[in-house]
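*Asks:* Chains as they are written, first to last, in numbering that gives the first Met the number 0: chain A, 0 to 728; chain B, 0 to 281.
Some hints could be false.
Below, a sample of chain A positions facing chain B; criterion: calculated Cβ distance under 7 angstroms [stated by the list, open to error]:
1. D192
2. L194
3. Y223
4. N304
5. L308
6. T414
7. Y416
What the hints contain is simulated information worked out from the structure, not anything from laboratory work.
We treat Cβ as the ideally placed atom computed from N, Cα and C, and that holds for glycine.
Here's the letter readout for the chains.
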Amino acid sequence: MKILVLGGGPGGLYSASLIKKTHPDWDIGLLERNPHDATYGWGVVFSDRTLSSFREADYPSYRDITSKFVVWDTIEVRYRGETIRCGGNVFAGISRKVLLMLLQERCRELGVKLKFLTEVRDVAELKGYDLVIAADGVNSTVRRTWADEFRPSIAMGNSRFTWLGTHKVFDAFTFSFRRNEHGLFQAHIYPNDGLASTFIVQCDPETWRRAGLDRASEAETVAYCERVFAEDLNGEPLLANKSDWLAFPTVSNRSWRHENLVLLGDAAHTADFTVGSGTKMAMEDAIALANAFERYGENVDAALNDYELERRPAVEGIQRAAAESNRYFETTTRYESFEPMQFVYYLLTRSGRISYDELRRRDSSFVDAMDRWFYAATSGTQAPNLRMIAPPPMLAPLHLRDVTLHNRVVAPVATAYAARDGVPDESYTAELRDLTQSGAALVMTDILAIAPEARITSGCSGLYRPEHAAMWSRLIKLVHDHHARIGARLGHAGRRGATRPRGEGLDIPLREDGWPLLAASPIPFIPDGPTPKEMDRADMERVRDQYVRAAQMANEAGFDLLELYFAHGYLVAGFLSPLTNHRRDSYGGSLENRMRYALEILDAVRGVWPESKPLCVALSATDWVKGGSQPEDAVAIVRAMKERGVALFDVLAGQTTLDSQPLYGPYFLTSFSDQIRNEARVATLTSGDLTSTDEVNNIVAAGRADLCVMEPPRLNAHYRMIGLASNGR
Amino acid sequence: MRVGIGLPSGVPGAGGRAIVDWARRADEGPFTSLAVIDRYVYDSYDSLTSLAAAAAVTKRVRLATTIVVGPLRNTATLAKTAATVDALSGGRLVLGLAVGAREDDYRAAGVDYRHRGRILTEQLASLRNLWESGAIGPRPVRRGGPEILVGGLSDQAYLRAARYADGYVHGGGPPRAFGRSADRARAAWRDAGRPGLPQLWGQGYFALGDDAAERGAAYLKEYYAFTGPFAEKIAAGLLATTQSVIQYIRGYEEAGCGELVLLPTIAEPSQLDRLAEVCSSL
């Protein structure tokens, strides 16, 4: 076998040495266009897990590399004049130059032919090899030459960053946040060795321009950053090394291989620098590739298949985490109102890879301190009274107006649809009783129709007849007897009304016994479904008054909280979205017009719902459709509603139209809650199949939401046996 | 969790008699369902027609498609055939539907592969209507017609399951992969406001006995050759020992699976007997 490796970075060198080790008789050459001792960038970082994979792959190079390492286990965050440290995050750093020297040495030892200051200028030079490993970096020539085969896509990050260094030695992975007259600057600092540290500076493009850094020379950049981070540098200068300002390119490819060509490292994939995984991924690629050739020998096709299948899921996992991390650093200003403890908690858990329980495993005293801070901050208890222990964030109280919820968990009624004329059957009482015993502080009803023709299905509960109020009083007493609180969800189905109970499916029109529908515009929800009547002024006033009357009944019945369900394409949501509101009057067109009717209802309800009880609004943060409402629209709506006295927002998404393209990954609704809560500075309720206390603690601690709908855990046979699930649903 | 077995209708060379005998024996237990997979351009039996044959010689097991590629058939044909199997079996049909992944099947059926998602959505939206209205008989045994499952790995697949179906059927793989899909199927279900939880079905391939591992793997590599590199992975996941079958069953149970179907890769009755033995011991 004759193999050519393009690129003398860590991935190229490591793959050449590992393959040569298992196949000493193979002819392996490596070309690098730079001199053997040139390197750009400062240090690289590996986690302890990556190190053990190096150990397994090649012990001699592992031993050499680790002898040059500095190892630390602390992350330090400097923010608003405070310094907070969290331990248990084992990392090892090494200067990139030292790493390259060691890998070059290993290649020579094993007989890889290294040629520096050599570049492939014509792809015809690649002929005659059985395998070409393109480890030629983020601007890979091979990838660009065969773009139709690899089908690359490159997404540019929004923020700007530059790689600097300093001889000041930091003893931890340090994040420093400094705000000046131009904006917010972030530094990512980590030790390379005992002599120097890598110092990456990042900011958003507006701040970058305001600071004049778009026109700055390297020396000016250095001088500017030295001023911004003077407190961190303590008089030590910053050093430059080809330190241009960059936007980060995230590279991905539909295929990593074409015939006998294979992409490796940055040529195949990159992940935002804020997760520091570039070198790690390249070297792990090298290990997988070498393993594949160990297994398949000269069967290049099978080996390359194996390599890509092995590496792609791992790489995509890192790219997802990197995308979350990138999103955090590009929207950090959203969290600048956070107290330092919460700010740091969010930063540490930003990528979604570390949860509350995982962080506790790494540094229990940090999480204990966070628990104490959180409990003191939210309960009003003086911190000194909590010198030792406090409940986890999920069990901290939440005050909404004069109502106190004794924890952060919400349990909604989920198995409804058995009501007749708005009166639920006996199973409803049984479910409510179960929910009050679930431990959740707040129980929510299903959507209660404000009129018979406001019902979604023929089996929906209602709040429109005097006997409804009496029945709810009895049910509410049951909840209060168990020291839980209960909220009423009020809704009008709009164009999604007159459907069958949802046991049979969603939005299936009633065959008979249907009723006429109302909507912002006369557009059926499903093709061939009933067309709603476009609401005129009289309809709008009548529905508004129905909301008011239902709110009065809800108050008199004793509900603790009222939620107006303006989400999911129902009547009021239909006004909010441009997809379903085609009106030409003052209720259609601009966002201001589209939200007018919602605000009218809100004002009218506010007039009868007592100040002492919280009013909540449920909204779809996005339509999940091109041309539909976006989260930015939702933030604007929330700001207007906050001014009108809404205390809590239930953040949902989609269901505006049938074309909705939802994404059901972990925390799929919580990212919207996060944006709305922290941009509009309001309290939020999130949901989306959260099933563990770990998730709830994590969301609440990070300030992504204030309350969570927690689903009953899956009833696994083991827990059933020991009786833990006896109160579950 | 219940455990079902596949009918060897997708294994080349299985004789007609062998298929019917297999169905009869599966009905004797311990299996709760008898499942078929679907492929046009291949030496395999038609999925729903095979179930019709199975209906005639079984009394107990549920007859499931895991899955049938809906868009390959026009909706009226699909509704008619499914209603027929349902009636012949006394309401034992569970109709799993998905878009599949084989362009050659679409070409053979004269259906545009690019429209597969839209076609399946339209089929799901109209099947119940066709059955309920009595427009296309026979009358379904259960009100609303047979239970429907949706398969697939896209978010649209989870959404279709939540919107139109009674549950979700996963395409196979390690329990963790099933668990990830099951989480999304449940998330979509709850987000849609459907009461309760979706039915969750899983599947896997088995080959038990001497030299069965090689023969089973060879079949899978050939059957899935169109996926390129993934055929190797699928073949590597073949359950070829008692231990791996038991672990797979336990893993799926813990991941929340309601019914796991184990599909044969060799069309010999001893395969059914060996699996029955493993399952009886659990």
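*Asks:* Taking the hints in turn, state whether each one holds.
*Replies:* Structure-based check of all given hints:
1. Restraint check, D192 (chain A) versus chain B: the minimum CB separation of about 39 angstroms is more than 7 angstroms; hint violated.
2. About 44 angstroms separates the beta-carbon of L194 (chain A) from the nearest beta-carbon of chain B, more than 7 angstroms, and the hint is not met.
3. Taken as an interface hint, Y223 (chain A) does not check out: its beta carbon lies about 45 angstroms from the nearest beta carbon of chain B, beyond 7 angstroms.
4. Because the beta carbon of N304 (chain A) sits about 4 angstroms from the nearest beta carbon in chain B, less than 7 angstroms, this interface hint is met.
5. Hint status for L308 (chain A) relative to chain B: holds, with the closest Cβ pair at about 5 angstroms, below 7 angstroms.
6. Interface hint status for T414 (chain A): upheld, as the beta-carbon distance to the closest one in chain B is roughly 4 angstroms, under 7 angstroms.
7. Evaluation of the Y416 (chain A) hint against chain B yields a held restraint, the C-beta minimum of about 6 angstroms falling below 7 angstroms.
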